[in-house]
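Could you put together the complete structure from these sequences and hints?
Below, each chain spelled out in residue letters.
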Amino acid sequence: MKKSKISLVFNKCKIEKRSALITYTVAGDNNVNNSIKILNKISKHADILELGFPHNTPIADGGQIQGSSHRALKHGIKLKDVFHIVKRFKKNNPSKPIILMGYFNLIYQNGEDNFLKSCKASGVDGLIIVDLPYPENKNFANKCKKKSINFIQLISPTTSKDRVKKIIKDSHDMIYYISMLSTTGGELKVSPKKILQNYNKIKRIDPKKNLVIGFGITDKTISSLKSASGLVVGSMLCKTITNSLKMGQNPVTKLDKVVYNLKKKII
Amino acid sequence: MSLKIKKNIPLIDQHDKNYMYGGKFGGNFIPETLKKPIDDLTKLFAKLRKDKKFINERDYYFKNYVGAPTPFIKLENLTEHLKGAQIYAKVVSEANGGAHKIYNATVHCLIAKKAGKKYVVGDTGAGYAGKMLSMAAKKFGLNCKIFMGAKDIKRQRPNADAIKKNGAEIVPVTTGSQTLVDAVSECMRYWVSNCDTTHMCVGSTVGPNIFIKICAWSTAQISRELIEQIKEEFGKIPNKLKLINCVGGGSSAAGFWNEFMDTHAQFIGVEAGGPKNSKLHAAPLTNGSKIGILHGAAQYVIQDKEGQIGSTESISAGLDYPGISPLHCFLKDTKRAKYTSVNDEEALKAYQLVSKLENISPSLEPSHAFAEAIKLAPKLKSSEVIIVNSCGDSLKDKDIIKQKLGSYIR
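Those protein sequence lines, which keep their order, are chains A and B. Here the working numbering is used: the first residue of the first sequence is 1, the next is one more, and so on. Here the working numbering is used: the first residue of the second sequence is 1001, the next is one more, and so on.
FYI, nobody ran anything at the bench for these hints, they're computed from the structure. Mixed in with the good hints, there may be bad ones.
[To be verified] The list that follows gives simulated cross-link-like pairs (lysine-lysine, DSS-like), each with its CA atoms no further than 30 Å apart:
1) K78/A to K1024/B
2) K1043/B to K166/A
3) K189/A to K1118/B
4) K1024/B to K1305/B
5) K1290/B to K80/A
6) K169/A to K145/A
7) K1279/B to K1114/B
8) K169/A to K1036/B
9) K1036/B to K194/A
10) K143/A to K17/A
11) K146/A to K1290/B
Right under this line is the structure:
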């Protein structure tokens, strides 16, 4: 079977002996055009791009991502705009993986099959659905697999060992480890050493799996976690957009710099 | 295929292996982090509800702390005034704290103790769920934090003050509409971050399945009392009996109807229709909202085509919620219960009429139910019986009522 673009990126990073840098921004923050510009810029440094499709009643997002989602929704962003952003980006960057992240109700209203069709047509490589846990997600994950779209399972510090094994067994090319008990963007309340201990326990179950760490990662903490297969930075980027808008600066150039610096810290 | 309710099985247990009622309502749409705490709570509750010692403990506190049974009275003057069906009230507002929320709060604190948790958090709209949780937490020696929309803190000042007086911390929620929907979201987010030390109480029959179960199991006390009181009053369950209850999240209605599920009693749920001439409302069942996912459960919910949760409006903070319990979605689709809505103005008028004629003074939530009773009663024969669940007292709405009607009577 043909390798997914997500697999190829992790293979490349393995050869370069570094972890993959994964960024998260909200589609349409602060508007559709800037969102495309941001992706074009930061993709020079980032290996995989997560793109949030905003929901107005998120139950697992902290203040920063809520703020970004709110801005995007205020600008009237709809799912069709999200796919438009992906399509426009992919035209110039066909091999750079894009993962959509969001809440299930939007997919439910759009229709699962319809949603996946749009994913396929625009070039989405993977999906993270925050409120569709294992095993309830089995059906939908299988549908994704059939369309060669990665369904990315989540594992948290509260996930039991038994459950971790089952989740890994049913996972696709990437698994997301939530670093601590927190919403997105919380202050890192666990030491990086402890996070890596937990991470390695999970990694040992199937060392071939691309296991990435997310939640609470900033320029301050990223280098201490760089032994992981991949690292996700999200809230810090949303905060950068918020601050640059407040200061009347261009969020695109600001974000470019921040992501460049993050990359420097893990190579 | 039409959905059916099964007989002799508690309504809360009529779900499939994915915790869905009728295959489409409820479930656990939750972040991975909450899987384990919710599994743990599910197992603990399954054990406790079979444990005689726990049941005795619950009954002890319901009797000696909540004050069971709450009165069941005939509203002679209102009946006389409307000249139709006999109207009764189950005066649940006589329970300690002034509303049905005390049942859920007490049971949650008992469970938190069994789980060894020292902290409880909860959401609140009208402020009753928060007030009762703070009361019960104080009684059982737990630290308590209440999430309440900033708009609700302003419009339900007496309850907000009571929460503080009970030693709990109020966290004002300033996101979104600053009402109940945002308070529930913020409370769930807090629990995601603190689920290792903290027990969460969802204030109504909404949220992930276990919270629906615990809440409806707790409020069922209302109908356990009522069915006895009815038999005492009438000798049997009257042939034509309507049980009318307001529904926001749906916790008091679920409890008011539970023991009558397999009987011929008719159930009428009354949603908040919002201001007259306004497009905004809080009545997803009456207005044919589509199924969507809100706060971890599939339910009929006010939303746009994309799946963004819609704005609501109601004079009653306790009913001002875009979703509705999956249990009520199930009762609607099985046609076991009927749902309708009344608007703000009708609810206010009902408050006024009942407060003037009777010794009770319902808050704006049950005033919605009274408004429906007042509409129906004159069309019915005197042999027919209507019972309204008067599940809250108007005192908390004093400011709103004064502002809307110019004066407050009780």
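Hints and how they fare:
Distance hint between K78/A and K1024/B is fulfilled; the C-alpha atoms sit about 26 Å from each other, no more than 30 Å. Straight-line distance between C-alpha atoms of K1043/B and K166/A comes to about 20 Å, which keeps the hinted pair within the 30 Å bound. Distance check on the hinted pair: K189/A and K1118/B sit about 20 Å apart at the alpha-carbon level, within 30 Å; holds. Using a Cα cut-off of 30 Å, the hinted pair K1024/B and K1305/B holds, with the two alpha carbons roughly 19 Å apart.
Distance check on the hinted pair: K1290/B and K80/A sit about 21 Å apart at the alpha-carbon level, within 30 Å; holds. Annotation: proposed proximity of K169/A to K145/A holds, straight-line Cα distance about 14 Å (limit 30 Å). Distance check on the hinted pair: K1279/B and K1114/B sit about 46 Å apart at the alpha-carbon level, beyond 30 Å; violated. At roughly 19 Å between alpha-carbon atoms, K169/A and K1036/B fall within 30 Å of each other, so this suggested pair holds.
A hinted pair counts as satisfied when its Cα atoms are at most 30 Å apart, and K1036/B with K194/A qualifies at roughly 20 Å. For a cut-off of 30 Å, the pair hint linking K143/A to K17/A is broken: about 33 Å separates their Cα positions. Distance check on the hinted pair: K146/A and K1290/B sit about 29 Å apart at the alpha-carbon level, within 30 Å; holds.
Hints 7 and 10, counting from the list given before, are not met by this structure.
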